[in-house]
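Going down the list, the sequences are from chains R and Z.
If you're matching positions, the first sequence starts at -8 in the working numbering and goes up one per residue.
If you're matching positions, the second sequence starts at 767 in the working numbering and goes up one per residue.
Some hints could be false.
Said to hold, decoys possible - Partner residues aside, some chain Z positions facing chain R, computed with beta carbon under 10 Å:
(1) L819
(2) F823
(3) R910
(4) E927
(5) A1094
(6) L1107
(7) A1109
It is worth saying that the hints were derived from the structure and are not from the lab.
All C-beta atoms in this analysis are idealised placements derived from N, C-alpha and C, irrespective of residue type, glycine included.
Here are the chains, one letter per residue:
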Amino acid sequence: MDLSTINPALLVASLMVAATPILLAAIGELVVERSGVLNLGVEGMMITGAVCGFIAAVWTQNPWVGFVGAALGGAVLALLFALLTQVLLSNQVATGLALTLFGLGLSALLGQGYIGIRAPTLPRVDLGPLTDLPVVGRILFGQDPMVYLSLLIVAGVWAFLKFSRAGLVLRAVGENHGAAHALGYNVRIVRTCAIAFGGACAGLGGGYLSLVRVPQWTEGMTAGAGWIALAIVVFASWKPWRLLLGAYLFGGVTVLQLNLQAGGLAVPVEYLSMSPYLVTILVLVVMSAGRAPGSLGRTFHASS
Amino acid sequence: MLKLERRPQASTAWTYATPLLAVLLTMIAGGLLFAALGKDPFVAIRTIFWDPLFSEFSSFYRPQLLVKGAPLVLIAIGLSFGFRAGIWNIGAEGQYIVGALCGAAVGLAFYPMEARWLILPLMVIAGALGGLLWAMIPGLLKVRFGTNEILVSLMLVYVAENLLAAMALGPLRNPEGMGFPGSRNLSQYESATTWIDRSAGMHWGVVAALIAVIGAYVIMARHILGFQIRLTGQSPRAAAFSGVNPARLVLVCLGTSGALAGLAGMFEVAGPAGQVSIDFNVGYGFTAIIVAFLGRLHPVGILLAGGLMALTYIGGEIAQNQLQLPAAAIQLFQGMLLFFLLAVDVLTHYRVRFQRAEHRPAAKPAAAPEAAE
Chain R
-8 MDLSTINPAL LVASLMVAAT PILLAAIGEL VVERSGVLNL GVEGMMITGA
42 VCGFIAAVWT QNPWVGFVGA ALGGAVLALL FALLTQVLLS NQVATGLALT
92 LFGLGLSALL GQGYIGIRAP TLPRVDLGPL TDLPVVGRIL FGQDPMVYLS
142 LLIVAGVWAF LKFSRAGLVL RAVGENHGAA HALGYNVRIV RTCAIAFGGA
192 CAGLGGGYLS LVRVPQWTEG MTAGAGWIAL AIVVFASWKP WRLLLGAYLF
242 GGVTVLQLNL QAGGLAVPVE YLSMSPYLVT ILVLVVMSAG RAPGSLGRTF
292 HASS
Chain Z
767 MLKLERRPQA STAWTYATPL LAVLLTMIAG GLLFAALGKD PFVAIRTIFW
817 DPLFSEFSSF YRPQLLVKGA PLVLIAIGLS FGFRAGIWNI GAEGQYIVGA
867 LCGAAVGLAF YPMEARWLIL PLMVIAGALG GLLWAMIPGL LKVRFGTNEI
917 LVSLMLVYVA ENLLAAMALG PLRNPEGMGF PGSRNLSQYE SATTWIDRSA
967 GMHWGVVAAL IAVIGAYVIM ARHILGFQIR LTGQSPRAAA FSGVNPARLV
1017 LVCLGTSGAL AGLAGMFEVA GPAGQVSIDF NVGYGFTAII VAFLGRLHPV
1067 GILLAGGLMA LTYIGGEIAQ NQLQLPAAAI QLFQGMLLFF LLAVDVLTHY
1117 RVRFQRAEHR PAAKPAAAPE AAE
């Protein structure tokens, strides 16, 4: 085995690509959970976003339209979750599971005629001399636009939750929905908006998988990425910047594992493929000390 | 304006009616879906729900009902224990795989010895233990470190799938298989097969599923454990005051569901599936979640729901062959069923009232002290 084939700068650059789908899905789920809703359907929304984005991109031959389609697909599925949990007051855990099962079936059906074709993909940004800088150039200035967008979303969510009035309302609804309701805030509407945003982000993450990372459509291609995103939200203790750290850490494990597979480590590929999931479990064990939003996962009904 | 009013107690009539209503709504929505795919909805629905039971070829399909239903019921019974207590094991698929691997490994270790009285029971024990231990991972981590059992049990599904591939390609590979992945065929090994009567679809998994239904019924209705599970599900605080040990309950619930899922996997691998192969698992562990909810987490309900879900599998295959209905449509159909079930469940716990819009400000309470939970 030859470890010298692994170039550290390229490794960091590709770990950012590997982490972006999970980062996008996780930042959306973070907002959802801060509003007091536990949506376990991230995997279903991601894969729906992946297939919707792929179809939109193939039809228009424009990756950006693809990403809009991915976000819309995820958001529509999320609104279905909102309808069930916010209006029909169903159990959030069970509904989230249903959303995942439904999304997997829906995406397989929608994606039938699209297996094996290539979609237009996003070119990497090229800032000329900046991108050609040794080591940092490729990492900081040579990514594709979605990587920068995902970082912008993280920063935006952080600023929104910390500094804006709407962010404060959202956190209030998540911490104590009874009190927020008493103050006159509409708990349902706030939560529905949060759920839709979470769905759009999960859809974008899925779209990134099918349009940039792979870039093809295959059934079940998310392979647990949505669940890992849920785990990373817990790991991050519901804080945006720690979420970024968690997603990149995870991306690092994935990329390293893939590099070791390619490098011909004398371990069967299957055992290496297990490692991201095992690392997620390990991370959950080590980092389960964070405090969850007060009303997380509880059904709200304004009963007198 | 429609308003939901919380019922003081869940409506008994709606408890029984909602699953039927959900099935009906799913058939309607499914019919629309099939029509959108360019198939005659009535033919499609008839092919899925009627033909396997009553058409001229039904004698061929009916045994399949037992084969597909048994693992679903077995797994769903286990899951219902935890779901009732608010303990969410959604990694049954992984426990199913590991149970199958352990059971098959024991069977293969004895090959070609002829001793059915010894080998089959040992395989049963190994399968149950395998599933149990795999489920103990999320259980112990939850009890010891407070990790979320949903995420851990689900992560372990992917680990188990990789383990299955490694085993099918490595240690359990058939030495006489000319390099093809997959183990020896256990269903052709007299001392290890779980078949009782292949043409009737009878295998030991069917027997185990029926025993599990009866056992679960007795435990839920008559045993202190069933009481503790129901109490914890309805009010964890009250359960803690009445002396229920939550950690013990977590381990018992996860252990039971893991052992039953492992058993289901073992019966499957040494019977209908026959061998350990890369694509051995077909999602029974996830479909069983739908079965458990559709059966209202009640043993008898689960038995009926398992039968219905098995019917959609078989009918789906027929529809695939005869109507060229895509396989994914059936998967979507099953997902829709759970959605509709959860949606109409609101009628069980809430009463729908009509209310005039102008009364709303006055009727609205100044402060809602606590949300309904």
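Report task. Return the status of the interface hint for A1109/Z: holds when the least beta-carbon distance to chain R is below 10 Å, violated otherwise. Result -> Hint holds; A1109/Z Cβ to chain R Cβ min 5 Å, cut 10 Å.
Query raised in the report: Can A1094/Z be said to touch chain R, with a Cβ gap under 10 Å?
Result: The hint holds - A1094/Z has a Cβ within 10 Å of chain R, the shortest such distance being about 3 Å.
Query - Hint validity - E927/Z Cβ closer than 10 Å to any chain R Cβ - result: 9 Å, holds
Query raised in the report: Measuring from the C-beta of L819/Z to each C-beta in chain R, is the shortest one below 10 Å?
Result: 24 Å, violated
Report task. Classify the hint on F823/Z as holds or violated, based on whether any CB of chain R lies nearer than 10 Å to its CB. Result -> Hint on F823/Z: violated, closest Cβ of chain R at ~27 Å, above 10 Å.
Query raised in the report: Does L1107/Z pass the interface hint, meaning its C-beta sits closer than 10 Å to a C-beta of chain R?
Result: 8 Å, holds
**Report entry** Interface hint for R910/Z, Cβ within 10 Å of any Cβ on chain R
**Finding:** Holds: closest Cβ of chain R sits about 9 Å from R910/Z, inside 10 Å.
The structure shown violates the earlier hints numbered 1, 2.
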